[in-house]
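**Q** Just so you know, the protein sequences line up as chains A and B, in that order. The C-terminal residue of the first sequence carries number 872 in the working numbering, and the numbering is unbroken. The C-terminal residue of the second sequence carries number 1149 in the working numbering, and the numbering is unbroken.
The set of hints was computed from the structure by calculation and includes no laboratory data. All C-beta atoms, glycine included, are put in the ideal place defined by N, C-alpha and C. Keep in mind that the hints are not guaranteed to be accurate.
[Unchecked claim] If the Cβ cut is set under 10 Å, some of the chain A residues that face chain B in the computed set are: (1) L696; (2) I720; (3) I721; (4) A744; (5) G749; (6) I760; (7) L764; (8) F807; (9) Q866.
[To be verified] Below are the DSSO-like pairs computed for lysine-lysine, each with C-alpha atoms no more than 30 Å apart in a straight line: (10) B/K989 / B/K1012; (11) B/K660 / A/K775; (12) A/K703 / B/K1141.
[Said to hold, decoys possible] Derived CB-CB ranges, DEER-like: (13) A/V733 / B/N1038: 45 to 53 Å; (14) A/V733 / B/G1080: 53 to 61 Å; (15) B/E1042 / A/S710: 33 to 41 Å; (16) B/W716 / A/I621: 44 to 52 Å.
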Amino acid sequence: MSHASPSSPKVSGMRYHVLLTVLGLIMTLPFVWMVLTGLKPLAEVANESWLPSEFQWGNFAEVFSVIPFFQFYWNSLFVASWVTFLQVVTSAMAAYAFSRLQWPGRDKVFLLYLSTLMLPGLVVIITNYQIMIHLGLVDTFIGLILPSAFSAFGTFLLRQFMLTIPTSLDEAAEIDGASKWRIFLDVILPLSRPGIIALTIFTFVGNYQSFFWPLVMMRHQDHYTLPVGLLFFDSEVGQSTHLLMAAVTMSVLPMIILFVFLQKFLISGIQLGGVKG
Amino acid sequence: MSASPTGKTRGRLATAMVFLGPSLLGFLAFTIVPLGLSFILAFSNWDVRQHNMFKGERIEFVGWENFERLLTHPAFYQYLGNTLFFMMGIPVAIVGSLVAALLLTRDLPGRQALRRIHLIAAGGLVVALGVLSLTGFAPSGMTLLIVLLFGSILVAGVLGRSTVYRTLFYAPHFTAGVATFLLWKKMYNPQTGPINTALAPVVSTIESIFQWLPPAAGTVLATILLGLGLAVMGLFHRRLGQAWRDAEVGRGGLWALTMLAFVPVLLGWQWMGGSWMAPFWVVGSMLTLGWWVLRALREKPFRTVSAGQGFMPLVLPLTGAITGALICIGLAIVAAKLPAMAASGDLTPPNWLADYHWAKPAIMIMAFWAAVGSNNMILYIAGLTNIPRELYEAAEIDGANWWNRFWHVTWPQLAPVTFFIVVMSVIGGLQGGFEMARAMTQGGPAGSTTTLSYFVYIEGFESGRLGYASAVVWVLFAMVMTMTLLNFKFGNRNVND
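Produce the entire structure from the sequences given, and follow the hints as far as they go.
**A** So, in structure tokens, the structure goes:
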């Protein structure tokens, strides 16, 4: 780790602790302001001091009565969960076909998948929206979920992971008479667990944050996901900075908690998708 | 007998399709088919206001008309310029990620350093109390809050080592989205936001300093800043000259880079308008450029490189230099105006998102906050830990100092990671900016934060000109492909060896 460590790390190492703390503090300050402003009375928002004169925990409850915040929350969790589930299942199965099965045309189809990784999402979003109009799926959750249920990136990521699993394991299972389906379920899937967890977090967070597609797809306020709902909140009662910050806090906090607990998987996933790519 | 192998192949294909089927169906339905349709659309006049269930005019193919209209539309060039301007933040963000990764991979002292922590915490407390007593205990809550946060991060950092700091750096990236954009929008609020509240005393101090200084002080400061900008560009010009002499860069690469090095010259000229600074800046830039490039051209290097060689590796330092120079120019322009503003007493903190000139920098500052601790930092950390220690030991024996070790060991060893990061950042940057524009500025003021992706959104989903919007998308796509191909053709000089 310490490639350039100086001769006496214990003495000068403290300097780096202080430096990193200062940098970490700067990165954290916006979040601190966010939480504290969410606890202020409206009149104190513009104050020089970030601290409220009294902590108004009621702001957080008020958010739920001003806008259907609970509904937004639920919609986001509902959509993100379904997308994640479907995308992980389809990607894992496709990755198995690309990494373990021999079939004609496999490498060509995989190349087609790979080449779309560079494709800007914008290229297909206009036509996808027209397709949704023709299918009558605008403003429905099915229309929101369906296009994201498949992912070239997820397939690529899991294929990379499955290639690191020794083939002797599934050969042994094959000799024992296991079917391809058994091998997939009992050998490959359990061994790909770290990759699958990483993909799950990526997909879930990506969809929890997703903005463009829900923004154009959803018409009824009851169907808004969190990002669209927050935007709506800002345009409706943008002057109530304290309530908006309470809402923003509640939408950011779950992600921070998620990251703190699952960062081990996430980081190995980033390195897998990145360095090997 | 002959049927059996084909039957086997067919069986294999059937098994594969059971696994691949769901993914492939979705892939065809929501990627390949829309891709083809969108290409066809780009040549049509489909407009939802003309072609809908009430008004069924025929959709016609109009050939290249959409593209012609786009390329002759002045706003397109403004939006393209905005997009490229935002992309100049990329090298700064990459350097930030690298610095963060370098700091995080240091061997930080752990628990055994706790006693030292007590000392530092006590020192911090003394300083804080000193500040408090000086300011009459007025903003005591704030000071205590900062000291408390500082202390807890430091203690947590000592106990948890780099993981703690990594988490803090990564959090802005992980949570980046509409929520944090709205957070920054409120922080940038000129009247009620904390940024201008904090800047107000700083600005009034500057104001009183300039009221006290002679008026010429602004000119002197502007000259110094312009000189700094010239030095930054000059460093790049020198690097360019060296690269030519050492046959790192081919003829085509040299000319392309020289042309690009004119961007800050022209932008600076435009920004400075009729001020005295404009000729100073342009002539100065010409002199440094001419000096280094002509000097290099005079020497006849031993040349084995192809024309385009070396372009991409130098684009990163070039964009970094341009960004640095533009920051200097911007500050110089502000500095030149300071005495007059201070005299009339209307020196105020910027209006950030509501100001034509400050909106872009405001968004870039926020984007920097979100990008330093991004996936790029994680990739750099992995890259740094994979560098063999022997390389550093060998360099140390040769007496290389920290700087030399960085340039001759670390940087070349990280080349594959940097290459990947640059490719992905360029692809992301060209199609970026939509969410920020939609959540923070609506693309304004006066279109100054409208990027190409926001333009697509306006045309495709607000104006309903689907044909035109598709044409914009395909122009964008073509740019992404060109940049990616350029990257792959000229960028991976260090990657494969």
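**Q** With reference to the structure, classify each hint as holding or not holding.
**A** For each hint, the structure was consulted:
1. L696: Result: holds, 5 Å to nearest chain B Cβ.
2. I720: holds, 8 Å
3. I721: holds, 5 Å
4. A744: With a closest approach of 6 Å, the A/A744 hint holds.
5. G749: holds, 9 Å
6. I760: violated, 16 Å
7. L764: violated, 18 Å
8. F807: holds, 6 Å
9. Q866: Check passed: Cβ of A/Q866 comes within 5 Å of chain B, closer than 10 Å.
10. B/K989 / B/K1012: Cα-Cα ~20 Å, so holds.
11. B/K660 / A/K775: holds, 15 Å
12. A/K703 / B/K1141: holds, 22 Å
13. A/V733 / B/N1038: 45 to 53 Å: holds, 48 Å
14. A/V733 / B/G1080: 53 to 61 Å: violated, 28 Å
15. B/E1042 / A/S710: 33 to 41 Å: holds, 39 Å
16. B/W716 / A/I621: 44 to 52 Å: holds, 50 Å
The structure fails to meet hints 6, 7 and 14 from the earlier list, while all remaining hints are met.
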